[in-house]
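Enquirer: Take a look at the letters that make up each chain.
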Amino acid sequence: MATAVVDEAKTPDVPLSDAVVVRFAGDSGDGMQLTGGQFTLSSALAGNDFATFPDFPAEIRAPQGTLFGVSAFQINFGSSEIDTAGDAPDVLVAMNPAALKTNVPALKPGGLIIADEGEFNDRNLAKAKYESNPLEDGSLAKWQLLKLNISQATLDAVKPFGLGNKEALRCKNMWTLGLALWMFDRDRQPLIDWLKAKFAKAPELADANIAALNAGHAYGETAELAGPLKQHHVPAAPAEPGLYRTLTGAEAIALGLVAGAQLAELPIFFGGYPITPASAILHHLSRLKEYDVTTFQAEDEIAAICAAIGASYGGSLGVTSSSGPGIALKGEAMGLAIMTELPLVIVNSQRGGPSTGLPTKTEQSDLYQAVYGRNGDAPMPVIAARSPADAFECAIEACRIAVQYMTPVMLLTDGYIANAAEPWHVPDLMAYERFPVQFLTEVPEGGFKPYGRDEKLARPWVKPGTPGLLHRIGGIEKEVDTGHINYAPANHQAMTDIRKAKIDGVKVPDQGVELGAEGGKLAIVGWGSTFGPIHQAVRRKRAEGKDVSHVHIRHIWPLPANLGELLKSYDKVIVPEMNTGQLKTVLRDQYLVDARPLNKVSGQPFTIAEIEAAIEEAFQ
Amino acid sequence: MNEMTTIAKTTLKDWESDQEVRWCPGCGDYAILKAVQRTMPDIGTAPENTVFISGIGCSSRFPYYMETYGFHTIHGRAPAFATGLKLANPDLDIWIVTGDGDGLSIGGNHTMHLLRRNLDCQIMLFNNEIYGLTKGQYSPTSRVGTTTPSTPFGSVDRPAQPCAFALGAGARFVARGFDVSKELPNVLKAAHAHKGAAFIEIFQNCIVYNKDVFQDFAAPKGAEDRQLWLQNGEPMLFAKGTKGITLDKDALELKVVDVVDGDWKAAGVIVHDVTNRSVAHMLVEMRFGEFPMALGVLYDDPRPSFEADVVRQNAAAREGKTADLQGLLKKGQTWTVKEGGPEL
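Chains as they are written, first to last, in our numbering: chain U, 911 to 1530; chain R, 719 to 1062.
Here chain R stands alone, though its shape is the one from the complex (with noise of 0.2 Å):
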């Protein structure tokens, strides 16, 4: 165990690695990684003590250029890699990168596994609803009819819902943002303060093969009306409060409510608490367009993690057993040769 001593502050220049960055200019990862940097002094732990572990796609270079300890895996496998280094070592902060085809399609049973475990790190998916590295063919999150050159007539699978899937599998943190917001730092935060496996949807653009897919609701423009900031203990409200959800009770489902002079109560509109599942399991759902994009931190809600259960339970098992490997070997029946023939 390392011992407890005051982390040294840091700034942003203290997480950028030498490194040059290689991804496609403009595209939606440099503003992530920007975010991630200027976070980390803010979250305040200390470089050495972080690792970031990532499988195979564009989002996956990212260990490359944080000036942390990093590990690029192979693909879809970064949580059974992030599993072992923190049963090794629990005190490492680890922050796993992935992206939809990732982590959703070749690693969708790690993911689901590493979630229903509650490993304590930070996941962090980067959706962009294709594959990029690869040229563009479509990922398990892209839209039915997406054309790319594997699917010249569209796809015609449905997309999974990388928040859904989580809840789904156990999740006790469940977050969203995207590439560019002023907000994601403080998801990041979020992420970083629950104690448990905190998964992190954030849309990103690949501007070349998926250019702008998310601008319906991420556009500036309008982002008023098409966003839903989740705060917790807060209204859910929108369009600058005069729109918010409301729980139909006869449907037992969400929908959008008109609120008039900010009578927000009169209008029904639900207060957001991050440890309700069943209001999380509607927030997940809501489908954009009939309702705004939900944004932030959507559910919270700690239980005991994986590797602190291991730890526990390896630590009883040991209570008072001493190592003594010689007397292992001969345990069980044995029996003496003697020059004089064996015994008991």
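Extracted from the complex, chain U is given alone in its bound form (with noise of 0.2 Å):
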């Protein structure tokens, strides 16, 4: 590990600090996703670790003003490793009453409000269903406040380009931007940059905002003396050395399926719908096209994954994607790609449930779904992302076991991984091991057996289109290596076992342990999104000295073969997941271990101190 070295001879007159949480908060039409979006750059060219936790309504466009409609953006990030959004904000931009009340309860005692005082009028109270004005009355006292006129500060700015009332509100967000990064010690010119860019066929807007972004950060300047507000660096974090960029895990998916896919030298076939919070992938894959992508926006959910099927079945590689009511669609026609042992990833970006949930809020309760969600005996791989960043090597390993073993293999993520962005160092693709297929194009010795079988126990892919290898295929039990309908009671027993063994066999790395030990009084075993609050929580208790490890599991399904043996090695097992306990559940029945539930179903992520009650509840 290299640490990068600060110039603090640069800025000696600027305070330190390790980490901080900033959480920009404002109406759905204030741009808040994009000003947090820019901080996160800003911050990666700081060299800070970060993490984001982007939070916003599932009304696209909602009543201006009101509680429904806050769209908030937080970023966590500091000069050491980073693994959650953070706990509580330090610092709380609200853009108007609506983000005060629903955000200020989160923010730490003693933090920094930044209220634009502009928008407190007597309409948005009311909207926002405050009595009287909380900048006013003193009800914000155990926090800084800091009172800007930041609506009438940006009209002053972008005066001189002419836009309307409404084009030139509409510059808040950079206004903002410019004064948090000049609270940061951040460099305003790749944001200048970047707005040059974005705005190339509307200058006069490009110029406007820059001067928005530049009155903001002059305010602070001018008015660092008087007031709060105060200047933080926050130095880089040490990191390997090499090339680096920001990543949601969105992106993740996608670059991880085209590069399993040529991994495995075959074009991808992508099926997808719309749905929150899945959408992305599609719109990432769909511009790849250059990478052997094709994507086919399909009429519903079960289209989707049986046109992915269908593509599979004529040698791509197919791909459908979806969150939990959509994965509930596809489950009829995942048991046809079981029962045909064709290759398939379906990608469940998890969102909160049962039904149409909490679209755009975070949760991890489809892992039923995943491993037993469908009729009959129909054993599935199923593995789990912990991380944007950890999205792509997921996305790989599920295009390998789908081709090798010839099965659909279930990549679960969740609202949060798909949003959230984190800083990727990028890999070298000569690195990883290539799996290329071998389709079956001639005769084999013994003869042609469309369900005969390799050492995994896959049966031959062979394309439509290959002559002397014609076959039929379907969903009715199919017999023991010709394929041909078999209803015998001796040949279903001996298919559905077939089936469980492929599947039991599949090859998973063993269990390894995040941090601490292989066995010991505490262990938290988590899986998914929950790894960042588990691994800062476990840190800071063995610090402390507790005997505690971060077991993390990755493979969901099959699970990995000595995983029960590791289990058993500590006196205590917790699992925290945000559902109300299906790993533990799981990890029960397959071990007979008496492993714990820590449940929040919430719709958001875990907090550090969360998971650090549990600890501390355990050792008493």
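For the record, the hints were derived by calculation from the structure and aren't laboratory data.
If a hint is listed, it holds; no wrong ones were tucked in.
Derived lysine-lysine pairs resembling BS3-like cross-links, with alpha carbons at most 27 Å apart:
#1 U:Lys1199 x R:Lys1039
#2 U:Lys1359 x R:Lys731
#3 R:Lys1039 x U:Lys1106
#4 R:Lys1039 x U:Lys1108
#5 U:Lys1111 x R:Lys1048
#6 U:Lys1373 x R:Lys913
#7 U:Lys1199 x R:Lys1049
Note that the structure is a prediction, hence the values are computed from the model and not measured.
Since each chain sits alone in its own frame, please combine them into the complex, following the hints.
Expert: What follows is the structure in structure tokens.
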């Protein structure tokens, strides 16, 4: 590990901070996601490690100023390893009363509120259901409060560019970002370049936004001495030397699928249907045609998976993607892919359920659905990504298992991973093992058996169009070897056993320990996006001398061969999950271990403090 | 892409699989199977490039009996599988086999979208106006009053009209035939010759649960009077040329006219133009009884097919670009961490 060296001489008067959590909150139309995204980029360029959490409403254009129309973006950045978007913000930027009301309870005591007082008029206060103005009535006394008329300051800054009032006010987010960049001692130039590129066709908008950005920054410089506004410098985090970029989970999955298909030397066919929060994967892939990608927006979720299976039958790597409700619709087709033993990758970007549930909020409650959610004995490998960067690796792994074992594979991610960004050390693709697919093209010795098997129990993959290997497949039970329809009792027993043995036999790496040791007093066992808070909590408690370890499971099905022994080597096992205890149940069932649940289903990720409290309790 | 090669001549036997056919004795499906197997050599494609895809139902067992590639999928979804397969390999010759329940009830949505997209394939919808495989419940094409185990007092809902549905969904080829008709091979050939989605409604006699419901027009006796076989460029005549179809210009609808001494022009009989969409809409709506049953190719006016357009767009999007995945991973705003810290 190389340690980044910060030129402290450059900013001698700026106090240093290890890590800071900033939350930008405003109306859906205030551009908070964009502000957060650009602030994230500036954090990356400053060499900070970071994690982000976009938190936006399900409504596309919620009525302005309402509590349910608030959109927020939280970023945690620091000079040491950052695994979560942070528990409680240090700084809250509230662009209107509704944003203040919904976000201020999470702010650290003593934290800084920056509020746009220009928006705290009677009308907006009433919409936010405030009886008196919180900026005036002393109700925010436990925090530091900085009232700024950002709206007016923005209007003044962009006046020379002759924009209408509405368009001028759209630059508010850039004014705010300018102030934030000043607060954390950041370079404005990359953002100015980005604005020029974004508004290349409307230079007056670029100029106005840049003017607002500069005005916000200048405000910080001039107003520093008075009031609570202070500049902080967060030094760069130590990182391995190399090339980095920011990566969201949706991007990671799209790139990982393309990489997986290339390693398999297959064209990729993606069948999708719009659904939050999975659509971004379809959007990313649809722009990557030159990588032998065909995307198909189907008429419904069922058609999306069926088309993907049809494409796999034709020799492409079929992929489909959805979120819980859509995955439920795809269940019957997954059974067909299991029965016909065709490769397929199914990506589930989990969200709050059941039913429509919480479309834009995160949850991990589809584990049962992934492992068990089909009719009949229908085993299927399941992999869960822990972070955006990890999603890239998991997507490749899903492709590998699908083609090597001729099976559908489910890749679990969630709304948090899909939208969150983190720094990504760009990998060298040459370092990945290739797994080129060999289609069967002629009759093998001993004759062609459509349901004959190799050492992995995978059946041959034959593309229609191949002479001499004509055969029929389908969802009715198939005879061992020949693949003919066969309802005989012994045959169904044999085929069910084979399907199970094939998936049980999928080779997955042994389970390691992320932090701590094999064996000991307590293991915190997680999966998916709970990685961050578990990791930080375990690190902190270990620093206090507690014998606690972090185990994080990627291969949900089949589970790693050594997992049972590993779990039994701890006195206690706690399984934090954003559901009511699904992995916990699977672990108890598979290993008869006394895995204890720690559950949260509020649509929000775990905080570090919540995991710490559970560890603390376990030691009492 | 497969190379262009001379396709070896085949015979009916080459298209028969070794699987025992398991429909009820006397089922209309046997006749359709034979018609297809007999037609394939004339069409002149290679069995290995031919794929039969079906959903669920009696008709959907069809692929097992064809010596081609075959995929017996799930209920109603055959069009979606066909779409993925055709996009993966546009050279394949794809036939979808479905029924009135499979294609118009549980799978109506997919049938509609396949037709509007105009995927190049043939869709044979076997219409027997009943659910056979589940033992005789009424189907979306059953006539009002059909008494079945699930409708002991007769069905109440009005039936769907498959050809009207297809045309309404945007089909560019719509044809009709029936199981034992000698004309069925010609209809199949026309469907295959059409580039794009070709929809064929085939009336099929379910001898167990809905016996002889099509006898009123399909029975050989009196067929001349009850069947209107449409031929492109020919007048719409039936009853040995003594009757024809004309347009009632006041009511703007079709009507039957008597043709005296073969002078169909004088009677105003319409000459069938398979590309006339307006007339096609009237033909698919023609009520049997008042009119003869319109059979043959009702409409045939090709448009570019879906998979051809997708291939074209993909090729255009790929033009001048190289598939440098490593380069793609590095795309966007990046920074380098050196021993001394990050830089742009």
